[in-house]
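Peer 1: Next come the chains, spelled out residue by residue.
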Amino acid sequence: MTALLQHPGYDEEKLRRVAEQLPCREVQAGLLLSLMGEPQQYSYPSIFIYGHRASGKSHVLHVLLKELELHHATVSCVECVSVALLFEQVLLSFFGCDAASLLPRSPSLSDFVRIYRQQPVTMETSSHQTVVLNPVVEDNVTVILLSEIVWDKFRPNTGCFEPLLLHFPDYSKGELQQILSQDRHPSYSAEFYSSYINILLGVFYSVCRDLRELRHLAALNFSKFCEPLEEGKVKETDTHKLWRNIEPHLKKAMQTVYLREVSSLQWEQMQLMEEKEAGALRGLSAHTHVELPFYSKFLLIAAYLASYNPARTDKRFFLKHHGKIRKTNFLKKNEKTSNHLLGPKPFPLDRLLAIFYSVVDSRVAPTASIFSQISSLVTLQLLTQVSHDDQLDAPKYKCAVSLDFICAISRTVNFDIVKYLYDFL
Amino acid sequence: MSGDGYKKISNSMDITWSSVKSIIKKWKVYDPHKRTISTVEHGGGSILVWGCVSAAGPGSFVKVEGNTNAEKYHQILEDNLIQSARELRLGRRFIFQQDNDPKHTAKDAQKWFKDNKVLQDELNRKILDSLLDFTRKCSSARQHSDWASQMRANEIPTAALVLGVNVPDHDITFQSLSELLHQSVTPHVASVEAKECGALKHLMKRVLERLMDTVVDDDEEEETEHTSTQLHKSVNCSLSALCDWYITKTKKSSSGTPGKKRSSPAEHERQQQPPVVIIFKDLEAFNPRVLRDFILICSRYIERLPLMFIFGIATSPSTIQRMLPHSVSSLLCIELFQSLSCTQHLATVIDQLILTPQFPFKLNAKVMQVLLSIFLYHDFSVRNFIKGLQLALLEHFHSQPLSVLCCKKKEALLNVMQLSHRDLERIRQLPSFKRYVEKQESQEQVNLITDDSHLKETCRKMIKGLHKYHKNYYPILKCLHTLTSALPRYPLGKQIRELHLTCLEKNVWENEDYQSAMKLLKMLAKDDLIALLQRCGEILKPVKSKKMKSTAFQLEELLTKFKQLDTVVSEMAPSEEDSITSPIKNLQKKTDLFQLQKTLLEMNETRRSKKLSPFEILRNEALEFIDSLVKSHLSPPESQTLHEVCYYSSSATVRRHLNATPRTSIQAALSSPYYYLQNENLKTEDGTVSNAAPDICIAYKLHLECGRLINLYDWLEAYATVVSAADGNDPDSDGYGKVDEVKHARFIRSVSELEFLGFIKSTKQKTDHVARLTWGGC
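Sequences listed follow chains A and B, in order. Residues 1 to 425 in my numbering are what the first sequence spells out, letter by letter. Residues 1001 to 1778 in my numbering are what the second sequence spells out, letter by letter.
In short, the hints are calculated from the structure, not lab data. Watch out, some of these pointers could steer you wrong.
Unchecked claim - Restricting the straight-line Cα-Cα distance to at most 30 Å, the calculated cross-link-like pairs of lysine-lysine (DSS-like) are:
id, chain 1, residue 1, chain 2, residue 2
1, B, K1195, A, K398
2, B, K1461, A, K224
3, B, K1410, B, K1494
4, A, K396, B, K1137
5, B, K1494, A, K398
6, A, K320, B, K1764
7, B, K1761, A, K345
To be verified - Using C-beta positions, here's what the derived DEER-type ranges look like:
id, chain 1, residue 1, chain 2, residue 2, range
8, A, H289, B, T1356, 31 to 39 Å
9, B, E1755, A, D152, 48 to 56 Å
10, B, E1505, A, K251, 57 to 65 Å
11, B, K1522, A, K252, 25 to 33 Å
12, A, K345, B, L1709, 57 to 65 Å
13, B, K1252, A, E69, 28 to 36 Å
14, B, Q1678, A, S106, 57 to 65 Å
15, A, K252, B, K1126, 26 to 34 Å
16, B, S1341, A, Y205, 42 to 50 Å
17, B, K1126, A, V364, 31 to 39 Å
Just so it is clear, CB atoms sit at the ideal spot from N, CA and C, and this is done for glycine as well.
Whole structure, please, built from the sequences with the hints as guidance.
Peer 2: Spelled out as structure tokens, the structure:
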């Protein structure tokens, strides 16, 4: 294993420690090392590393830079909302507060370079603003960019110095097994934990290859796995019995914990409870019912109708004497596609209110609270405002609820919405 | 214009801020004399203008920027209306204050409001407590170092607090929540709202500001004068700054109390590492991108900074899944907390504030109805309901001089003695009092009308009677509700407030539903009935009045009878059989057809009457007892003499203040300008507009006479004719009805104002025409 990380200029001992901490990523680590060269050599100015979530990108870099004692700064670009923050963080981690405080209030790149000395830099990034950095700082600096997205998406249109692209492939099942087996519970043997991981991967590997998530699931369910062991029913080696015990449990976990229907804390509590009681705990998506005031319900229904019916059909649905519009004329041939497939269409406020007044049974005064309810629905994200906020004259909205939701709502007010929908005519 | 005219309009009108402003300006010019606060507002989805106009000049005038929601609207209502009401009416109130000593009213109202606050806290107690438990548990879980929790350490504990769609109420909940957190869990609590966090930078800034209690540097803003540079200058908008701050803070606090030894090390540990709680008040309104980034950043720091989130959710918890991708929501450890539904909340408020004899101030049926319909139809907001109550209270004490008697019994009796002659005259004018007088004998009538001191004595009796009535009314109401709410299909309503409303409106026992409820009650099984009666007894027991004590006693007796029934039944059974069998024996003896018929009929009769088992007899007795209670105590308040003192009845005022109608106001202003301007010249017969009316009113009136398309030139000519008449020109002279430049300009201005108000718009069909946008009789 260590043979892979032979590199001149670094201490053997350190390299061995690095290799120990980086299982299944020896190739990538070796490649990186050779790219950076020996400590005194000039290294390649920029490297772009990409790969899926939890494929060991930052871990590899972190271990390498730390163990080999390379001077580095790690910056998250999500966090750096402005260039100033980015500069400050870099300077801060290289030289401490003194250098960082030298930065003027709104620093430019030249300010940064002025303060800058020389050391290698690594950056973890998901946006392209740092790319500009490398040609300017004329020093032994390597900018290492980490991302889940391919380089093509970041390439600025003005052109720039192309970094070396390095891909981190996903871990295979065997590799996952090897890595997961490493964080074993201190009071159990390594083989035992490894067999547990094996069972876990058997259940979850088909839906999830995210190492972080798997690790989380492993930790959550381990106590359940050990249960028969604690009770003294089975021995550590009796894998089959253990499997029979844990398998249905893991399947349940896949539906709840993995989808975050139930938090890990609640899951742990559930494990302590009896089987029957556990059923009472409902996930997040089980609560879909929304209580709304009476007129808000009708406003929402009106918005839904306005969004999914063509405007010219309003006459037919909402006028008592709509004249001679026959169904055959009325259904145009080219409108065969369902409006529900096309999604909601924007409608003006006038139309919403006109439909609202004809849908509500009682006579409603156009009071200020009706208007304010519309805006409340917008803040609740049941409606979305399509036009810009500044447009005072004729604001346009879209209805943002599903058919199921609106059916449930209209049932509570005894309104048969399907009768009024053009698609279901 | 008729009041319903506007309802026929199918198009809504768009009113812009400037047009409303111009109208307001005009009102100012004409110096209105109307003595009420009239409201003008528009909420066409994007702009809301709030203002009030009265003789004292316009009240505070507010333009609300951007989009408004219910919460904002009611904020304005709260800040503006009641404030203005107080300011503008202070004068009159003051005169009134000299007449009588009103200290008690103020005191009463204060107590009422205070109870409100306590009540709010009580209602939220349960959910807040569970939330606090959650935070404590989370912060203590961090300190555990066992294997499982270490593996889980990088999750951010999150509480999803589902509060319902009554957004205006949420503020109170969050306020008390953060106060409680401050007191018992952690000093580091920051709450943010969506509207102040449009971008990640702003969110970060708000969080840091609120946690660190300092002004955080921002690139765009000028540097504030911080002399202690080293700390503050490095305070930049990033979580790492927060981290440093937190570490120094916790170190300081632990080193600050080195001498005192904590009782337990765990306690000490928690003290050292209090969690940092960030409350997102309205999760739905947040930009998902901002939230996502923020959570990602936070998860990077979770090892150093014990963060905790609380999400305030108005709709349903699935919003979280809709807003956050799996990669982000997997960073959170979400636990769900569901608050009471708002209807339950309302029921408690009504129970504590309205259905109690504790507060002398009452609402009559109509006002109650208005408040309830606003709640159920419009906003679901308990806070606004309470606001409505407060408004009614304010109005009552202000507009009804006799409200001086609306207070605790002792004080009221004292106040009766201090009534001046004018007040006594007012009492004599009260309809309920007049009715009372008519019923008296002639000598007594004269005495009541002429003798002040005699009237005072009678008033004292009446006040006592009124208080007694209240004392008995509510327990009996609750009893009736417990009995009827158990019935299938709830003939008298599921909620007690519905029953209360029917009782307020008229004699409840004349109600059809009441009859059917009684019939259903007569069919109740024994166990059910006993259980219900027992519950009634429990309601009646704590009541202190004599009458209620005796009724409770009677009820007890009934119950014991029911219990004895079991033993009695076995003894009764044989004798019953005897009576049934005897006619049958007779039947066999006689063969006469007529006799037979007679005996058969008799038998039928006896069987029907005999069918009543002792339980049934007792049941009927019990129900008759209940019925008599209802008839004696649940009569509507209108039947009580002097009810005007305690009952606020002006539902129109409440409706106007709480549920304003912008379009009606505008149309009222246009069709009858006298309504707002109060200028004698403008006073006209029904349906016409005076010549002297403002230009826009004339143009509006003329446009009503046109069809869908209006010829502008014809309109102009008609306008010029009307205006010339107003100028007092001789109808026969040359210039009469001629269009000069000034008239032309005035006409154009009023037409464009009408366009602003959304009555007309330009049309492409004919160039010299405009299209009319409103229809119907307005």
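Peer 1: Taking the hints in turn, state whether each one holds.
Peer 2: Against the structure, the hints come out as follows:
1. Taken as a hint, the K1195 (chain B) and K398 (chain A) pair is honoured in the structure, with Cα atoms around 21 Å apart against an allowance of 30 Å.
2. Under the criterion of a C-alpha separation no larger than 30 Å, the hint pairing K1461 (chain B) with K224 (chain A) is inconsistent with the structure, at around 75 Å.
3. Distance restraint check for K1410 (chain B) and K1494 (chain B): the Cα-Cα separation of roughly 36 Å exceeds the 30 Å cut-off, and the hinted pair is therefore not satisfied.
4. Among the hinted pairs, K396 (chain A) with K1137 (chain B) is inconsistent with the structure: their alpha-carbon atoms are about 46 Å apart, more than 30 Å.
5. Restraint check: the Cα-Cα separation between K1494 (chain B) and K398 (chain A) comes to about 37 Å, which exceeds 30 Å; the hinted pair is violated.
6. Of the supplied pair hints, the one linking K320 (chain A) and K1764 (chain B) holds, its CA atoms being roughly 29 Å apart against a limit of 30 Å.
7. For the hint pairing K1761 (chain B) with K345 (chain A), the CA-to-CA distance comes to about 25 Å; that is within 30 Å, so the pair holds.
8. Checked against the given bound of 31 to 39 Å, the beta carbons of H289 (chain A) and T1356 (chain B), roughly 32 Å apart, stay inside it.
9. Hint check: E1755 (chain B) to D152 (chain A), Cβ distance near 53 Å, so the stated range 48 to 56 Å holds.
10. Range check, E1505 (chain B) to K251 (chain A): about 60 Å between beta-carbon atoms, so the 57 to 65 Å window is met.
11. Between K1522 (chain B) and K252 (chain A) the Cβ separation comes to about 52 Å, which falls outside the hinted range of 25 to 33 Å.
12. Taking 57 to 65 Å as the suggested C-beta distance range, the pair K345 (chain A) and L1709 (chain B) does not conform, at roughly 30 Å.
13. Here the CB-CB span from K1252 (chain B) to E69 (chain A) is close to 33 Å, well matched to the stated 28 to 36 Å.
14. In this structure the hint that Q1678 (chain B) and S106 (chain A) lie 57 to 65 Å apart at CB holds, the actual value being about 59 Å.
15. Taking the beta carbon of each, K252 (chain A) and K1126 (chain B) are about 30 Å apart, inside 26 to 34 Å as hinted.
16. Separation of S1341 (chain B) from Y205 (chain A) is about 43 Å and conforms to the stated range, judged on CB atoms against 42 to 50 Å.
17. Between K1126 (chain B) and V364 (chain A) the C-beta distance comes to about 36 Å, which sits within the given range of 31 to 39 Å.
Taken one by one, the earlier hints fail for this structure at numbers 2, 3, 4, 5, 11 and 12, listed in ascending order.
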